[in-house]
Structure formats: C-alpha cells, structure tokens
Amino acid sequence: MRLLRTVAYTSASTALVLGVTADVAYADDPTPSPSLSRPSTLPTPSPLPTDDPTTIPTGGAPSLPGETGPGEKGFSEPPDNIGDSKPATKVDPDADGLKLADGAKLAEPKVLDIKFVTEDLGGEERREDSTEKTKFTLQAEVLFPKDSPKLNAGAKARIKTIADEAKKQDANQVNVFGFTDDLGSYAHGKTLSKKRASAVQSELATALGSDVSFNVRGYSEDYPVADNRTEEGREKNRRVEVSFPRKED
45 MRLLRTVAYT
55 SASTALVLGV
65 TADVAYADDP
75 TPSPSLSRPS
85 TLPTPSPLPT
95 DDPTTIPTGG
105 APSLPGETGP
115 GEKGFSEPPD
125 NIGDSKPATK
135 VDPDADGLKL
145 ADGAKLAEPK
155 VLDIKFVTED
165 LGGEERREDS
175 TEKTKFTLQA
185 EVLFPKDSPK
195 LNAGAKARIK
205 TIADEAKKQD
215 ANQVNVFGFT
225 DDLGSYAHGK
235 TLSKKRASAV
245 QSELATALGS
255 DVSFNVRGYS
265 EDYPVADNRT
275 EEGREKNRRV
285 EVSFPRKED
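The sequence shown begins at 45 in the working numbering and counts up by one.
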C-alpha cells in the first residue's frame, strides 16, 4: 500500500512540473475524483489571420502585406485563379455596326493558314508546319564550316531527318534556299549561299530519289530574319531553308 501511494505522489509531482492541475487518486480509492475526467484546460488558439487556405498562418506574429486576403493592400490573386464568371455581354443583332451595307455580300469562307513552330533550345534548327507547307530552317553553322559550302560530319543526319519527313508527306517538289549575313560582298554571299543550298539539295536527292524535283536558290543577304547588326542576328541569317507542300490529312 505504501508503494502505491509513493507512485501516486510521484505522478502528482510530475503533473505539477508540466503545469497541469489534477487531483491525486490513491490506490485505495477506486473511484477517481470527478475532476480527473475533465480534459486539461489549454489556451484558446489565436484566430488565423485569414480564412484563405493558401495563406501561411502566423498566429500572433505580424501579418505580411497581402496576407489577410482579398481587400488588403498588397494582396494578389494566384496566376491560375479564374475567379467568378462574369455575365455574358449582350449583343444587339440589330445594331447598325453589325449590319451589311445595302448590296454587300459576305466573303467566301476559307481555311486560314495556321502555323505551328518547333525550335530547339539553341535555335539551330526550326520547323514550321502550316496548312500549305512544311519548312525546315537550319543555321549554317550546324551544316558547314565557316565560309565553306562543304557539309560537316553532323550535317547528313540532320538532312536525313528532313528527307524522312518529305517522304512522309509524299513531297514531289522541294525548295532549297540558301542565305548569308551582310558581312562581305553581296556577290560573295550570292555564290556561297547558292553552293550551300546545292550541297543540301544533293544530299536530299540521294535520299528521295529521282522522282522529286528541286528549286535551288542562293539569296545572299536578302530576306534577313534577324538584325545583322549583332552576331546573334547574323548567325540566324546564315541559314538554309528546305520546304515542301504539306500533305492534306
């Protein structure tokens, strides 16, 4: 009996250390005091600064700008927040601005030329697919050494990819156009761009066979696609374009 009482006292002491008030129940008292069945009183949590579940609660700490939600200065909506839908704008079908003039007719319907563009991260190769055609643009540096019309080691693999797509589209006519930047003379650029286009055409012809006809042109610095005043722009202008009609789906 003495041992049990010692344990009970020890428990009561521990409870006091923890700051919890409780009555002590002795071993010879099988019915605990009613106060033992009540939960310990804990401090009431401070209200959250906002009901917005995306806001980090700070308790009693100062709120950050915009933390308390809409209406407070500094609050901004998340980028994907759509918000409440707005009522549709009513249009008066009889408004003067929507009526055709006397004798006028609507234009014939047509399919717009929609274009899809794919480009690698380095900008070395670009593909454009439109309703009418497919066009590949390759920077000269990935095909040729500097100021040279001779294909480098990696050029054939790139050209083969273009040939495979031309086969898939059943292309029977292919355009191959060469371009340079505006450094050097126009005549030199004309010669170099034509030789580079011819080198690509020759490789394509080997893969596509004799049933495909080619238009090969060298345009020198004409038709730039970027600013020739910067090296980045000149690099984009030094290019070869290969295009062919797109097969209808």
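No lab work stands behind these hints: they were computed from the structure.
Be a bit skeptical, because a hint or two may be false.
The calculated DSSO-like cross-link candidates involving lysine-lysine, where the alpha carbons are at most 27 Å apart (straight line), are [what the hints assert, rightly or not]: (1) 234 <-> 134; (2) 159 <-> 212; (3) 194 <-> 159; (4) 179 <-> 143; (5) 239 <-> 179; (6) 190 <-> 212; (7) 143 <-> 159; (8) 190 <-> 177; (9) 234 <-> 190.
Distance ranges between label pairs, derived from CB positions [what the hints assert, rightly or not]: (10) 186 <-> 290: 15 to 25 Å; (11) 211 <-> 131: 29 to 39 Å; (12) 147 <-> 227: 53 to 63 Å; (13) 232 <-> 277: 17 to 27 Å; (14) 201 <-> 160: 45 to 55 Å; (15) 190 <-> 144: 24 to 34 Å; (16) 160 <-> 246: 26 to 36 Å; (17) 133 <-> 190: 13 to 23 Å; (18) 275 <-> 151: 38 to 48 Å; (19) 289 <-> 136: 14 to 24 Å.
Glycine residues also receive a C-beta, built at the ideal position from the N, C-alpha and C atoms.
Status of each hint after checking the structure:
At roughly 59 Å between alpha-carbon atoms, residue 234 and residue 134 are farther apart than 27 Å, so this suggested pair is violated. Under the criterion of a C-alpha separation no larger than 27 Å, the hint pairing residue 159 with residue 212 is consistent with the structure, at around 19 Å. A hinted pair counts as satisfied when its Cα atoms are at most 27 Å apart, and residue 194 with residue 159 does not qualify at roughly 32 Å. The straight-line distance between the Cα atoms of residue 179 and residue 143 is roughly 41 Å, outside the 27 Å bound, and the hint therefore fails.
Proximity of residue 239 to residue 179 is assessed by CA-CA distance (about 20 Å); at most 27 Å being required, the pair is judged to hold. Pair hint residue 190 plus residue 212 does not hold up; C-alpha atoms about 32 Å apart against a cutoff of 27 Å. For a cut-off of 27 Å, the pair hint linking residue 143 to residue 159 is broken: about 32 Å separates their Cα positions. For the hint pairing residue 190 with residue 177, the CA-to-CA distance comes to about 30 Å; that exceeds 27 Å, so the pair is violated.
Between residue 234 and residue 190 the alpha-carbon distance is near 15 Å, which keeps this suggested pair within the 27 Å criterion. For the pair residue 186 and residue 290, the beta carbons lie near 24 Å from each other, so the given range of 15 to 25 Å is met. As the Cβ distance of residue 211 to residue 131 is approximately 53 Å, the hint placing it in 29 to 39 Å is violated. Evaluation of the 53 to 63 Å hint for residue 147 and residue 227 yields a pass: the beta carbon distance comes to about 57 Å.
Hint check: residue 232 to residue 277, Cβ distance near 19 Å, so the stated range 17 to 27 Å holds. Residue 201 and residue 160 have their C-beta atoms about 23 Å apart, which leaves the hinted 45 to 55 Å range violated. Between residue 190 and residue 144, the C-beta spacing of about 60 Å breaks the proposed range 24 to 34 Å. Under the hint 26 to 36 Å, the C-beta atoms of residue 160 and residue 246, about 29 Å apart, fit the expected range.
Distance hint check: the CB atoms of residue 133 and residue 190 are about 58 Å apart, inconsistent with the given range 13 to 23 Å. As the Cβ distance of residue 275 to residue 151 is approximately 45 Å, the hint placing it in 38 to 48 Å holds. Distance hint check for residue 289 and residue 136: the Cβ-Cβ separation is about 45 Å, which falls outside the suggested range of 14 to 24 Å.
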